[in-house]
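Engineer: The task is simple: from the sequences and hints, build the whole structure.
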Amino acid sequence: MKKELNTNEFIKIILSICENVEKEKDYLSELDRATGDGDHGVTMSIGWSAVKEKITTLDDNLTFDKICMQIASSFLSAVGASAGPLYATALMRGGAKLKDLSVINSSHIADFFEAAANGIQERGKANLGDKTMLDVWLPTAKKIKDISTNTDDIIEILEKGSFKANESMLSTKEMLSKKGRSSKLGERSKGHIDPGAASSALIFRTFYETTQNL
Amino acid sequence: MFNGHMAFKKIINDPYQVIDEMVEGIVLAHSDLLKFANNNKRAVVRKDAPIKDKVGVLIGGGSGHEPAFLGYVGKGLADGAAIGNVFASPSPDPIVDATKAINGGKGVVYMYGNYAGDIMNFDMAAEMCQMEDIPVKTVLVTDDIASAPLENKSERRGVAGDFYVFKIAGAAADMGMELEDVCRLSEKANDMTISMGVALGPCSLPHTLEPSFILEDNEMEIGLGIHGEAGVRKGPLQSADEITTELMDKILNEMDGSKKVSVLINGLGSTPLMELYIMYRKTFEILNKNQIEIHSSFVGEYVTSLEMNGASITLMKLDEELQPLLERETLCSMFRV
Numbered sequence: 001m002k003k004e005l006n007t008n009e010f011i012k013i014i015l016s017i018c019e020n021v022e023k024e025k026d027y028l029s030e031l032d033r034a035t036g037d038g039d040h041g042v043t044m045s046i047g048w049s050a051v052k053e054k055i056t057t058l059d060d061n062l063t064f065d066k067i068c069m070q071i072a073s074s075f076l077s078a079v080g081a082s083a084g085p086l087y088a089t090a091l092m093r094g095g096a097k098l099k100d101l102s103v104i105n106s107s108h109i110a111d112f113f114e115a116a117a118n119g120i121q122e123r124g125k126a127n128l129g130d131k132t133m134l135d136v137w138l139p140t141a142k143k144i145k146d147i148s149t150n151t152d153d154i155i156e157i158l159e160k161g162s163f164k165a166n167e168s169m170l171s172t173k174e175m176l177s178k179k180g181r182s183s184k185l186g187e188r189s190k191g192h193i194d195p196g197a198a199s200s201a202l203i204f205r206t207f208y209e210t211t212q213n214l
Numbered sequence: 001m002f003n004g005h006m007a008f009k010k011i012i013n014d015p016y017q018v019i020d021e022m023v024e025g026i027v028l029a030h031s032d033l034l035k036f037a038n039n040n041k042r043a044v045v046r047k048d049a050p051i052k053d054k055v056g057v058l059i060g061g062g063s064g065h066e067p068a069f070l071g072y073v074g075k076g077l078a079d080g081a082a083i084g085n086v087f088a089s090p091s092p093d094p095i096v097d098a099t100k101a102i103n104g105g106k107g108v109v110y111m112y113g114n115y116a117g118d119i120m121n122f123d124m125a126a127e128m129c130q131m132e133d134i135p136v137k138t139v140l141v142t143d144d145i146a147s148a149p150l151e152n153k154s155e156r157r158g159v160a161g162d163f164y165v166f167k168i169a170g171a172a173a174d175m176g177m178e179l180e181d182v183c184r185l186s187e188k189a190n191d192m193t194i195s196m197g198v199a200l201g202p203c204s205l206p207h208t209l210e211p212s213f214i215l216e217d218n219e220m221e222i223g224l225g226i227h228g229e230a231g232v233r234k235g236p237l238q239s240a241d242e243i244t245t246e247l248m249d250k251i252l253n254e255m256d257g258s259k260k261v262s263v264l265i266n267g268l269g270s271t272p273l274m275e276l277y278i279m280y281r282k283t284f285e286i287l288n289k290n291q292i293e294i295h296s297s298f299v300g301e302y303v304t305s306l307e308m309n310g311a312s313i314t315l316m317k318l319d320e321e322l323q324p325l326l327e328r329e330t331l332c333s334m335f336r337v
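Chains A and B, in that order, are what the protein sequence lines are.
Residue 214, in this note's numbering, is where the first sequence stops; the numbers in between run on with no holes.
Residue 337, in this note's numbering, is where the second sequence stops; the numbers in between run on with no holes.
Treat the hints with care, since some could be wrong.
To be verified - Here are the simulated lysine to any residue pairs, SDA-like style, with alpha carbons at most 20 angstroms apart:
#1 Lys179/A <-> Asp123/B
#2 Lys179/A <-> Ser154/B
#3 Lys178/A <-> Leu150/B
#4 Lys179/A <-> Lys153/B
#5 Lys234/B <-> Ala34/A
#6 Lys190/A <-> Val232/B
#7 Lys97/A <-> Asp152/A
#8 Lys75/B <-> Phe335/B
#9 Lys260/B <-> Asp249/B
#10 Lys125/A <-> Thr138/B
#11 Lys12/A <-> Gln70/A
#12 Lys97/A <-> Ile13/A
In case anyone wonders, no lab produced these hints; they're calculated from the structure.
Just so we're clear, the structure is a prediction, and the values are computed from it rather than from any experiment.
Structural biologist: This is the structure we're talking about:
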């Protein structure tokens with residue numbers, strides 16, 4: 001049972017994301033080679049490495065929104081690509097919901113992910129079912145929101161969220177791509193997990209696993 | 001791995017430094033023509049930028065397509081280029097830096113191939129520049145007829161047609177036209193430019209050294225994109241004349257009665273000029289047979305895909321408005337027109 005998360009713990013989660021992305025980068029690139037240009041793992045690795053570097057230089061006592069803004073801008077500057085604007089927008093919009101806070105609870109976390117998912121939708125202009133990272137973010141954010149009305153245990157909401165994210169990621173396998181480079185493949189885009197969905201599920205999983213072990 | 005008999009070898013130091021090191025090399029080699037904008041190594045502009053009272057033409061995209069996009073920076077072509085990682089859009093930072101460096105007071109037009117990542121980053125940059133009162137317009141290149149049917153032209157990818165569309169925009173801006181006119185002519189150039197390509201072998205990212213796609217020894221893929229995106233069909237490798245005929249059949253379907261064209265036979269990275277000229281020979285014959293006049297021809301590497309083996313054919317249909325713009329002199333680092 002865990003009811004609150006502070007900024008130091010949040011930074012630990014971010015560092016775990018950096019580590020896990022580094023571990024999974026080859027897998028993410030492999031997924032991307034099937035339907036895109038094969039660079040998603042590389043892009044994520046470059047972006048989260050920049051985040052890792054930035055985090056070590058952050059001032060102490062920054063609030064959640066400031067930390068999110070710093071992470072977002074270092075990620076975006078380092079990568080561009082599609083992942084840059086999408087993840088950076090998610091972090092900025094999510095962070096804006098945590099203005100001036102240095103401790104957050106389960107309903108803040110639900111608001112964070114809801115705003116992040118909406119930010120991704122607005123930036124990428126994708127719809128649900130287009131076989132993109134949005135197919136993980138929207139259902140997962142909704143799940144987290146729903147669960148947070150019943151419990152204030154952060155670990156429980158992140159566990160259910162992580163489960164939903166994984167299930168949603170797997171569901172992209174049978175979808176027909178309607179957005180991005182893979183959309184030109186038509187039927188041939190079926191049978192492959194979307195790499196953006198995979199990196200998103202990895203982030204939700206890392207959020208849960210790291211929080212559980214704090 | 002690739003059939004067990006082909007390893008990707010590259011002359012590099014560190015895969016994560018390839019872009020910075022390449023750009024440094026380019027600016028050192030062509031220091032008479034190029035400089036960095038705001039010391040940003042991902043933003044390269046004309047040495048004499050900004051040109052007062054001239055619309056700025058900013059192009060960009062991922063790296064790995066050299067001479068696109070850096071090589072197109074120069075008089076009569078682009079004023080600046082924003083450079084991304086390999087096959088990945090530049091972030092908004094270099095786009096904003098380059099925009100400020102080339103704004104001569106008449107605004108800036110962003111031109112790039114139609115890819116989701118590029119659109120998001122350039123749009124974010126455009127919003128930031130507009131907040132600083134720099135007018136920014138965007139023209140997307142959508143010339144790859146293999147990527148969507150004609151009725152969905154706006155969904156098509158940009159490939160080697162970049163060359164013609166950027167050329168027209170650069171010439172229009174060089175002649176002192178206003179932002180609206182530069183955009184109108186660029187859009188017209190895009191409407192008039194059609195491409196289709198073939199790939200015989202993959203490229204590999206410096207970071208992974210894995211093939212971007214797999215083709216069997218005797219296979220080719222028609223309609224493949226410049227980042228290794230799968231094409232419209234795979235089939236047995238055919239002769240140069242057969243390949244050229246298949247590509248030209250598709251291209252001629254969209255000629256709309258035009259009787260004069262410029263021809264670009266573009267190599268994707270490792271296809272020898274020998275093969276490109278063999279394709280040109282057949283293209284010439286087909287155009288002749290269809291009584292289409294060839295105004296000018298470009299054969300070589302203009303938009304590449306690292307070491308991909310393959311080529312594309314691009315035609316730009318010409319009229320009285322576009323022809324003089326195409327003919328206008330340019331001076332950029334990697335080629336002359």
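Engineer: Hint by hint, which ones does this structure get wrong, listed from lowest number up?
Structural biologist: none
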